[in-house]
Amino acid sequence: MTIFYALDLTGTIAFAMSGTLAALNKRLDPFGIFIIAFVTAIGGGTLRDVLIGRTPVGWMLDLHYVYVIIFATIFALIIRNYISYLSKTLFLFDTIGLGIFTIIGTEIGIQQGLHPVISIALGVTTATFGGVIRDILCNDIPVIFRKEIYASACLVGAIAFMISHHLSLSSNVAYIFTTSVVIAIRLIAVKYNISLPMIPPPIKKDKNS
Amino acid sequence: MTIFYALDLTGTIAFAMSGTLAALNKRLDPFGIFIIAFVTAIGGGTLRDVLIGRTPVGWMLDLHYVYVIIFATIFALIIRNYISYLSKTLFLFDTIGLGIFTIIGTEIGIQQGLHPVISIALGVTTATFGGVIRDILCNDIPVIFRKEIYASACLVGAIAFMISHHLSLSSNVAYIFTTSVVIAIRLIAVKYNISLPMIPPPIKKDKNS
Amino acid sequence: MTIFYALDLTGTIAFAMSGTLAALNKRLDPFGIFIIAFVTAIGGGTLRDVLIGRTPVGWMLDLHYVYVIIFATIFALIIRNYISYLSKTLFLFDTIGLGIFTIIGTEIGIQQGLHPVISIALGVTTATFGGVIRDILCNDIPVIFRKEIYASACLVGAIAFMISHHLSLSSNVAYIFTTSVVIAIRLIAVKYNISLPMIPPPIKKDKNS
Chain A
1 MTIFYALDLT
11 GTIAFAMSGT
21 LAALNKRLDP
31 FGIFIIAFVT
41 AIGGGTLRDV
51 LIGRTPVGWM
61 LDLHYVYVII
71 FATIFALIIR
81 NYISYLSKTL
91 FLFDTIGLGI
101 FTIIGTEIGI
111 QQGLHPVISI
121 ALGVTTATFG
131 GVIRDILCND
141 IPVIFRKEIY
151 ASACLVGAIA
161 FMISHHLSLS
171 SNVAYIFTTS
181 VVIAIRLIAV
191 KYNISLPMIP
201 PPIKKDKNS
Chain B
1 MTIFYALDLT
11 GTIAFAMSGT
21 LAALNKRLDP
31 FGIFIIAFVT
41 AIGGGTLRDV
51 LIGRTPVGWM
61 LDLHYVYVII
71 FATIFALIIR
81 NYISYLSKTL
91 FLFDTIGLGI
101 FTIIGTEIGI
111 QQGLHPVISI
121 ALGVTTATFG
131 GVIRDILCND
141 IPVIFRKEIY
151 ASACLVGAIA
161 FMISHHLSLS
171 SNVAYIFTTS
181 VVIAIRLIAV
191 KYNISLPMIP
201 PPIKKDKNS
Chain C
1 MTIFYALDLT
11 GTIAFAMSGT
21 LAALNKRLDP
31 FGIFIIAFVT
41 AIGGGTLRDV
51 LIGRTPVGWM
61 LDLHYVYVII
71 FATIFALIIR
81 NYISYLSKTL
91 FLFDTIGLGI
101 FTIIGTEIGI
111 QQGLHPVISI
121 ALGVTTATFG
131 GVIRDILCND
141 IPVIFRKEIY
151 ASACLVGAIA
161 FMISHHLSLS
171 SNVAYIFTTS
181 VVIAIRLIAV
191 KYNISLPMIP
201 PPIKKDKNS
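Chains as they are written, first to last, in the numbering used here: chain A, 1 to 209; chain B, 1 to 209; chain C, 1 to 209.
Incorrect hints may appear among the rest.
Repeated chains share a single entry, so a pair holds when one copy, or any two copies, can fit it.
No farther apart than 20 Å at their CA atoms in a straight line, the calculated lysine to any residue pairs in the SDA-like style are these [to be verified]:
#  : residue 1 : residue 2
1  : Lys26     : Leu196
2  : Lys26     : Asn139
3  : Lys26     : Ile136
4  : Lys26     : Val143
5  : Lys26     : Ile79
6  : Lys26     : Met198
7  : Lys191    : Arg146
8  : Lys88     : Ile203
9  : Lys26     : Ile199
10 : Lys191    : Ile96
11 : Lys26     : His115
These are computed hints drawn from the structure, not numbers from a lab.
Just need the whole structure built from these sequences, with the hints factored in.
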């Protein structure tokens with residue numbers, strides 16, 4: 001097992017745990033909780049695979065993903081009352097997952113011979129759409145569209161990875177560089193409470209005045 | 001036409017009728033009602049086909065599905081005020097559909113050479129995601145995540161079918177066995193008002209105390 | 001560049017602008033706005049491509065779509081306070097887009113050898129599901145299911161295109177005819193405030209009376 005694969009499974013675990021917690025707060029039943037945890041963890045990669053025609057999609061060909069998601073869901077349920085003590089650990093795991101998923105998606109785009117711009121879009125899709133599908137199933141507007149430097153961190157990470165690729169850096173260097181970029185952006189954004197500037201909605205003309 | 005195909009169409013009709021009734025209660029227009037009926041009936045199988053790369057997806061290659069859904073939608077609209085007298089019949093149809101769709105999905109997974117665990121997941125997906133997509137389009141949290149032994153009945157049914165397959169039972173015996181398992185679990189769950197135990201959400205610590 | 005391709009990009013621009021305005025009203029951040037604009041513009045065609053297995057999906061192979069969507073989003077953000085003065089222009093663009101997307105989807109269905117009924121369904125899907133996905137991401141019930149002659153105009157347009165095809169009319173004549181049908185239906189429907197008749201929901205029996 002390579003370090004990269006281990007990190008991939010780490011990200012999967014983190015995303016499954018975040019899905020479990022979101023589902024718990026919606027008062028879903030245990031089966032619903034597991035489905036939400038599952039789609040949060042594999043949704044982004046599944047959408048990527050479907051869009052590029054890489055089927056059967058990834059998790060169908062490697063049961064380890066299914067097993068770690070089952071494990072992560074049960075673990076998150078058991079420790080749910082102590083999760084506030086672990087919030088920093090979870091945040092770190094989640095951010096590592098974000099960096100890794102960004103790399104995986106971008107690299108698959110490159111392998112498939114897609115244009116760099118599309119490969120970057122695939123990286124961002126892989127990293128963020130699990131959370132988007134989780135929020136749709138939970139009947140919320142996807143949180144990544146509304147606040148926090150989250151998708152933006154993936155976007156910068158994917159661009160960093162693409163640059164590393166064009167500079168022909170070794171894979172390991174590119175992986176560490178990209179993940180560090182994503183983690184650094186999120187840490188700084190959270191620490192200094194930075195978010196993208198909001199664009200005010202159109203001014204409504206009062207037709208009766 | 002085989003009995004299996006007839007049962008498949010029966011399930012399609014039942015799912016289209018349940019979609020029609022859900023859409024009526026959301027006050028959608030006739031076109032919207034038909035779309036909801038359609039995706040409820042074919043959504044699970046469509047998602048399955050997309051995930052495993054079996055495209056064009058099933059209903060595009062056999063117009064009978066389209067015709068029975070049109071028929072079922074119109075029929076449900078006509079009898080909508082008498083539906084309460086038919087609720088037991090509809091429940092039975094829906095449950096037969098559930099059993100049949102579970103079998104179809106699981107069997108396609110086996111045929112594609114996927115792992116038994118993934119084949120079971122495909123069976124459950126085929127049976128339940130039509131309803132999930134219906135609820136997303138109607139802007140509800142999917143009902144199967146919240147109550148009733150529904151997806152769980154499919155899960156047990158898919159496992160029962162997989163066991164039948166490994167025991168090399170004849171197809172017809174396996175079909176009858178699986179569908180009976182799904183129907184029995186749902187009937188018992190509804191009759192005795194059984195649902196999965198709820199897991200309480202994390203205890204919120206009051207930070208001000 | 002053919003006229004048809006130019007019209008396709010026109011429709012893409014119009015749909016991206018309508019997505020931008022919808023996202024602005026939901027107070028999304030700039031990244032979220034762009035994603036909504038993007039899926040509104042390419043969502044219908046992407047779903048079509050995924051359903052028939054035409055992968056990688058269209059916009060991944062032609063960067064012009066990405067560029068015009070970026071341009072349209074930024075343009076819509078800049079002019080957002082003057083959009084009410086442009087509403088008739090936008091409506092016309094949107095309707096042209098609707099007609100063009102209907103044609104593209106139906107034609108691809110024919111090219112793939114699918115049944116006319118399925119090809120028509122693909123045309124309607126291509127034209128309308130971008131807006132459906134936009135509304136799902138914005139946590140609304142899809143507007144096309146609720147009011148206005150919108151999807152119905154696509155349906156009639158797709159049938160008109162199919163008839164043109166069977167009469168072996170030249171492509172350009174068929175394109176102009178179909179787009180005119182879609183535009184005419186929408187204009188008349190909006191001018192005379194026509195919508196599909198609503199079907200009243202089932203009468204609830206009061207069980208206590």
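inquiry  = Output the indices of the hints that this structure fails to meet, ascending.
reply    = Result: hint 11 breaks, nothing else.
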